[in-house]
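Trainee: Chain order of the listed sequences is A and B. Mapping of the first sequence onto this note's numbering: residues 1 to 114, in sequence order. Mapping of the second sequence onto this note's numbering: residues 115 to 227, in sequence order.
I should point out that these hints are in silico values taken from the structure, not numbers from a laboratory. Where hints are given, some of them may not hold.
As the list claims (entries may be wrong) - Computed list of lysine-lysine pairs in DSS-like fashion (alpha-carbon distance at most 30 Å, straight line):
#1 B:K185 / B:K163
#2 A:K42 / B:K226
#3 A:K57 / B:K183
#4 A:K78 / A:K42
#5 B:K185 / A:K42
#6 A:K57 / A:K83
#7 A:K42 / B:K175
#8 B:K175 / B:K163
#9 B:K183 / A:K42
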Amino acid sequence: EPEVTQTPSHQVTQMGQEVILRCVPISNHLYFYWYRQILGQKVEFLVSFYNNEISEKSEIFDDQFSVERPDGSNFTLKIRSTKLEDSAMYFCASSENGGRQPQHFGDGTRLSIL
Amino acid sequence: AQSVSQHNHHVILSEAASLELGCNYSYGGTVNLFWYVQYPGQHLQLLLKYFSGDPLVKGIKGFEAEFIKSKFSFNLRKPSVQWSDTAEYFCAVITNQGGKLIFGQGTELSVKP
Numbered sequence: 001e002p003e004v005t006q007t008p009s010h011q012v013t014q015m016g017q018e019v020i021l022r023c024v025p026i027s028n029h030l031y032f033y034w035y036r037q038i039l040g041q042k043v044e045f046l047v048s049f050y051n052n053e054i055s056e057k058s059e060i061f062d063d064q065f066s067v068e069r070p071d072g073s074n075f076t077l078k079i080r081s082t083k084l085e086d087s088a089m090y091f092c093a094s095s096e097n098g099g100r101q102p103q104h105f106g107d108g109t110r111l112s113i114l
Numbered sequence: 115a116q117s118v119s120q121h122n123h124h125v126i127l128s129e130a131a132s133l134e135l136g137c138n139y140s141y142g143g144t145v146n147l148f149w150y151v152q153y154p155g156q157h158l159q160l161l162l163k164y165f166s167g168d169p170l171v172k173g174i175k176g177f178e179a180e181f182i183k184s185k186f187s188f189n190l191r192k193p194s195v196q197w198s199d200t201a202e203y204f205c206a207v208i209t210n211q212g213g214k215l216i217f218g219q220g221t222e223l224s225v226k227p
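Chain B with its partners taken away, still in its complex shape:
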C-alpha cells in the first residue's frame, strides 16, 4: 500500500537555524508531491508542490523542497527559520488522477526566539 513517512515527530530549533524535514514515500509510479503547513488554530495551507520538471521547487515563505526520485524522498528545507514558522508540517502525495492525498504523520516544528 502507498504510504508516506516523515522522519521527525517534533523538531525544536532556534531562530536563524537551518531546517530540513525528511519525507519518504512508497510508490513506484508517478506521484505528485506536496508540503502543507498548519499554523496553530488554522487550516492546512499549501507550502509547495511538485508535479514535474525541476526537482527543486520553491514555495512560499522561503521554503523549498527537493524531489529525489531514486530515494523516494521529498525533503523540505529552509535556510533560516523564524519564530513565525512554528507550526505542524505535513508531507503528502497523490498517486492517482482522482487526487486522494496520502499524508505523512506530520512534524511539529517549534522555533525558539
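With the rest of the complex left out, here is chain A:
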C-alpha cells in the first residue's frame, strides 16, 4: 500500500534556527496537510494545501511557518525561527479528494528545540 513518508524522523535544533520538515505524499493525492502533536496534547491541524496554495490554516500557523511544494513530489513545512514551544511531533498527511476521502498519515517528525 502506498505510504506517506517523512524525513527526518527526529530533528534537534537550537532555538532561533530555521528548520525544514519534509514529506512525500502519496503520488495521486491532491490535498496535503500538516498537523502537530505536542507531548500529552491533542493532534492539532496546522495547514492544508491544494492546487499549489494554502487552502486553510490554523491560528498556530503564524508568519514563522510556511509550506511549499517545490517539485512534483515533496511537501515541506518550514519554521523560520524556532521557539521552545515548537517542540512537538509533526505529521504530514495527504488525501485524494479533501474531506471526501480519508487522510493517510506519515510516521511523523519529532522536533526538539533546545
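Since the structure of chain A is provided, determine the placement of chain B on it from the hints.
Mentor: Chain B alone, transformed into the frame defined by chain A:
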C-alpha cells in the same frame, strides 16, 4: 468552535473483554467521522470512517462504530479485544470540503494478556 471529545483517557482491559470508546463532537452541520489508531512507534492508521448511509460502520480488525446524529456521537466498539489492540485511538471529524481533521484527545487502550 468545532470540537471532539473522547470520554476516556486510558482504558485497561483483559483479552476477550468487550470495548466501547466514546466520542462526541460539537458541530451542527454535516460531518465526516473517523477513527484512527496509532500502534506504538507507528503512524496514524485509519480504522474506519463514516460519510453517509448506514450509521453502523465496520472497519478493519473487527472494529465497528455507530453514528448517532441526535447524540452527536460516534462510539467505537469491538466485541472481543486482543493484546495486539493495545494502541492509542483517536476520533476525528471533518466539517468542511477542504478536509481539516479535528481530533479528540485520544484514548490509550492497554489490553492485558
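Trainee: A separate judgement is required for each hint: does it hold in the structure or not?
Mentor: Okay, the hints, checked on the actual structure:
no. : hint            : result
1   : B:K185 / B:K163 : holds (18 Å)
2   : A:K42 / B:K226  : holds (25 Å)
3   : A:K57 / B:K183  : holds (28 Å)
4   : A:K78 / A:K42   : holds (21 Å)
5   : B:K185 / A:K42  : holds (23 Å)
6   : A:K57 / A:K83   : holds (19 Å)
7   : A:K42 / B:K175  : holds (24 Å)
8   : B:K175 / B:K163 : holds (14 Å)
9   : B:K183 / A:K42  : holds (24 Å)
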